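K.L.:
UniProt numbering numbers the first residue of the sequence shown as 1 and each following residue consecutively.
Simulated from the structure, these hints should not be mistaken for lab results. None of the values given here were measured: they were computed from a predicted structure. We put the beta carbon where it would ideally sit given N, CA and C, even for glycine. Take these hints with a grain of salt, some might be off.
Here are the in silico distance ranges between beta carbons for each label pair [claimed, not checked]:
#: 1; residue 1: Ser46; residue 2: Gln221; range: 24 to 34 Å
#: 2; residue 1: Arg230; residue 2: Arg130; range: 32 to 42 Å
#: 3; residue 1: Pro220; residue 2: Thr241; range: 44 to 54 Å
#: 4; residue 1: Val183; residue 2: Ala35; range: 14 to 24 Å
#: 5; residue 1: Asp159; residue 2: Asn185; range: 23 to 33 Å
#: 6; residue 1: Ala35; residue 2: Gln179; range: 48 to 58 Å
#: 7; residue 1: Asp72; residue 2: Asn164; range: 35 to 45 Å
#: 8; residue 1: Glu70; residue 2: Val141; range: 35 to 45 Å
#: 9; residue 1: Arg224; residue 2: Asn185; range: 14 to 24 Å
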Amino acid sequence: MQTKDESYDVVVMKGKVLIIDDDEALCERLTGYFAQYDLELIVAHSPTEGRMKLSSMSPDLLLLDVMLPETDGFSLCKEIRADNEIPIIMLTARGELTDKVLGLEIGADDYLAKPFEPRELVARIQVLLRRKPVTDSEPDVWHYEHLTIHPKHHKVILDGEELNLTGMEFRLLTLLAGQPGRVFNRDELLNELKGIDADVYSRSIDILMSRLRQKLGDNPQQARFIKTLRNAGYTFAAKRTG
């Protein structure tokens with residue numbers, strides 16, 4: 001059930017959010033704030049505690065600090081993403097573009113620099129919780145010439161070999177391949193992938209597209225899959241065969 005919070009103009013959706021952050025004061029403040037939006041905040045102050053609660057409490061979304069004891073957030077994100085598709089928002093006191101790009105490349109869904117407004121964080125969480133999952137009515141496998149995509153299992157086979165894609169690379173590929181022939185301009189791709197504050201990710205979308213093309217073995221001048229249309233955007237050129 002969804003309700004409207006008139007004061008903040010956001011859709012309220014119930015959910016469980018796990019935060020792994022050793023800032024106890026921040027976690028305490030967020031716990032009370034999230035309760036206004038029917039969001040239950042599960043708190044872990046170390047990677048070890050976070051792994052245990054991720055496994056035992058089945059949260060709907062993960063907030064992950066970069067600067068952690070035991071191991072850094074980037075390494076933990078990569079470890080979690082290897083076998084878990086939970087939406088991840090990374091939090092950090094460092095706002096450098098390189099950090100943001102790295103976080104997205106290893107599988108994070110969003111990135112927010114500290115200090116931040118709790119309202120903005122809640123809005124970003126709502127975007128990810130509203131993101132439409134793959135439904136049972138959709139085909140289990142998308143077939144194209146030379147390429148097979150398993151959308152429900154996050155698997156991509158190119159010429160008989162499985163590709164190692166990050167979460168964001170896979171999302172970009174399925175966004176394009178799910179509507180072959182549709183032209184997506186840059187702003188549309190940013191909005192579909194991030195939903196909020198897309199301008200922050202203007203550089204990362206270029207890097208993301210380049211890395212995906214490289215893994216697909218695509219030459220922009222003679223593209224098998226992702227074609228660039230000058231002054232228009234990008235389109236998936238391969239046709240579905242099944």
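K.L.:
Looking back at the numbered hints, which does the structure fail to meet, lowest number first?
P.N.:
1, 3, 4, 6 and 7
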